[in-house]
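A.B. asks: Work out the full structure, taking the sequences as your base and the hints as a guide.
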Amino acid sequence: MHDGLLCLLWDTVPDGAQRVAQGLARTVARRGAGTVVHTDRKRAVMEKLRGAMNLFTPALLLFMAGMILANIAGDMSWSLMPLYVQSLGADLKQIGLFFTVSSIAPLVLQLLGGFVSDSIGRLRAVAIGSIAGSIGYLFYVAAPSWSWLLVGHAISRLAGCFVAPSYQAFIAEQSAEETRARVFAVSESAFSVVGIVGPPIGGFLSQRYGFRWMFAAAGVLYLAATAIRIGMGLRARSQSSSTYHEPQKMTLAALKSNMSAMVGLVLAGGVMTWLFLSDGVNDIAFSVANHFDPIYQSNVIGMSNIQITWVISAFFVVRMIALPFGGVLADKAGERAGICLGHLLCGVGGAVFLMGTAYPHFVAVSALYGLGVSLLSPAYNSLVSKVVPMSIRGTAFGLVSTTLGVASLPAPYIGGLMWAKLGPKAPFVLPLFASLGMAVVLWFKLPGKADAKGSASSMRPSPSHTSES
Numbered sequence: 088m089h090d091g092l093l094c095l096l097w098d099t100v101p102d103g104a105q106r107v108a109q110g111l112a113r114t115v116a117r118r119g120a121g122t123v124v125h126t127d128r129k130r131a132v133m134e135k136l137r138g139a140m141n142l143f144t145p146a147l148l149l150f151m152a153g154m155i156l157a158n159i160a161g162d163m164s165w166s167l168m169p170l171y172v173q174s175l176g177a178d179l180k181q182i183g184l185f186f187t188v189s190s191i192a193p194l195v196l197q198l199l200g201g202f203v204s205d206s207i208g209r210l211r212a213v214a215i216g217s218i219a220g221s222i223g224y225l226f227y228v229a230a231p232s233w234s235w236l237l238v239g240h241a242i243s244r245l246a247g248c249f250v251a252p253s254y255q256a257f258i259a260e261q262s263a264e265e266t267r268a269r270v271f272a273v274s275e276s277a278f279s280v281v282g283i284v285g286p287p288i289g290g291f292l293s294q295r296y297g298f299r300w301m302f303a304a305a306g307v308l309y310l311a312a313t314a315i316r317i318g319m320g321l322r323a324r325s326q327s328s329s330t331y332h333e334p335q336k337m338t339l340a341a342l343k344s345n346m347s348a349m350v351g352l353v354l355a356g357g358v359m360t361w362l363f364l365s366d367g368v369n370d371i372a373f374s375v376a377n378h379f380d381p382i383y384q385s386n387v388i389g390m391s392n393i394q395i396t397w398v399i400s401a402f403f404v405v406r407m408i409a410l411p412f413g414g415v416l417a418d419k420a421g422e423r424a425g426i427c428l429g430h431l432l433c434g435v436g437g438a439v440f441l442m443g444t445a446y447p448h449f450v451a452v453s454a455l456y457g458l459g460v461s462l463l464s465p466a467y468n469s470l471v472s473k474v475v476p477m478s479i480r481g482t483a484f485g486l487v488s489t490t491l492g493v494a495s496l497p498a499p500y501i502g503g504l505m506w507a508k509l510g511p512k513a514p515f516v517l518p519l520f521a522s523l524g525m526a527v528v529l530w531f532k533l534p535g536k537a538d539a540k541g542s543a544s545s546m547r548p549s550p551s552h553t554s555e556s
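With our numbering as the guide, the letters of the sequence shown map in order to residues 88 to 556.
Possibly wrong hints are sitting among the right ones.
[Stated by the list, open to error] Below 25 Å or equal to it, Euclidean Cα-Cα: the simulated DMTMM-like pairs (lysine to aspartate or glutamate) are: (1) K532 / D418; (2) K419 / D366; (3) K473 / D370; (4) K473 / E260; (5) K512 / D366; (6) K532 / D370; (7) K508 / D370; (8) K512 / D370; (9) K180 / D370; (10) K419 / E260; (11) K512 / D178; (12) K473 / D366; (13) K508 / E260; (14) K532 / D366; (15) K473 / D418.
Quick caveat, the hints were computed from the structure, so don't treat them as lab data. Since the model is a prediction, treat every value here as computed from it, not as a measurement.
C.D. replies: What follows is the structure in structure tokens.
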């Protein structure tokens, strides 16, 4: 009855008014549907975020908070360190010498730092390294000359000897093998915020107030991170081995056993051999050039400190966005695909760098590097963690870093000589050829998705090779 009455009333409405009413009804319906779609998309995004956070243990979340604070401080300063050294009176050759000499002390302790991580635990090793880093910031603020700055930089670099191998090993131990690449990717994506926030803050403070005030502000952040790390290290002593890596006895026999297992993996001619060689080639090539990036952008291109730091931030913005996709690619298509595609994109970035003449060109370079690293890094870390047993992962990352550091030790000085003798573009040719060459070589040498598991398993040493004697 009500429907019939409504129909009669509707018939009395003029045709024009009926069309207007129908149009309004359709508009309301579309807006309602749009609201539903928007709500569904928002819900889907939140579900993905919750899924990503579920990959993290509470210990790993707190660990990442300390890493982010410490590396915001580091990214405020390291990107402008060559300009700070130059401002204290160093020429191009001395700048190269500065970074070469400051790498010697860390090389001596890099391997020891990995072994200490295996022996006393990841978190306590990180706390020890953070104390050295805090001392380094005192030198950064007070150094009267570049030679005194060299002392502080060498001390500060010791932090990485303990933190770097422990960082990767701790993430591997706090994740399942089938989702490890995604955990590495999400960790590094969250970690990329340091490169977005740190360099612009450092550029602003250094340009507005000077380098020393910039280092003082960075030092405060680093001290906060050190407090978190010391607290976690103390707490780890009372936690069970199911929560944290179970320490080993720190003896020469244990070090010899760990070293023997790692040397066997590196020299076996399999996955670890080619990862080691490719990382070495790229480490040397980029060490020749990287320390001169801000010098080139400032002295040759004419960019300001703030522009230089925004170029660096572009790398981390792209890296943060793309890293989760890099982890999914490695888990779904295999680590080889991510590693080779990442090297290829870095090679393209090197080519754009050589052709660049203005600020936007170098933003594009950083974006290409960020995309390349976001594909390469989680795949590389995942493959290494699958090949290397848990008990020697700290030693493994320490050994790789030490050996590569020895090989690339003279690289910054060589970069300075190449600039002086062959021109400012000369050092930047090497990363281009290294990246493109490794993309081709590793495609044929690393296992694909189908046989990656069997290849990794065959590369594991037997239990007798890793047991204590």
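A.B. asks: Sort out which numbered hints this structure fails and list those numbers smallest first.
C.D. replies: 13
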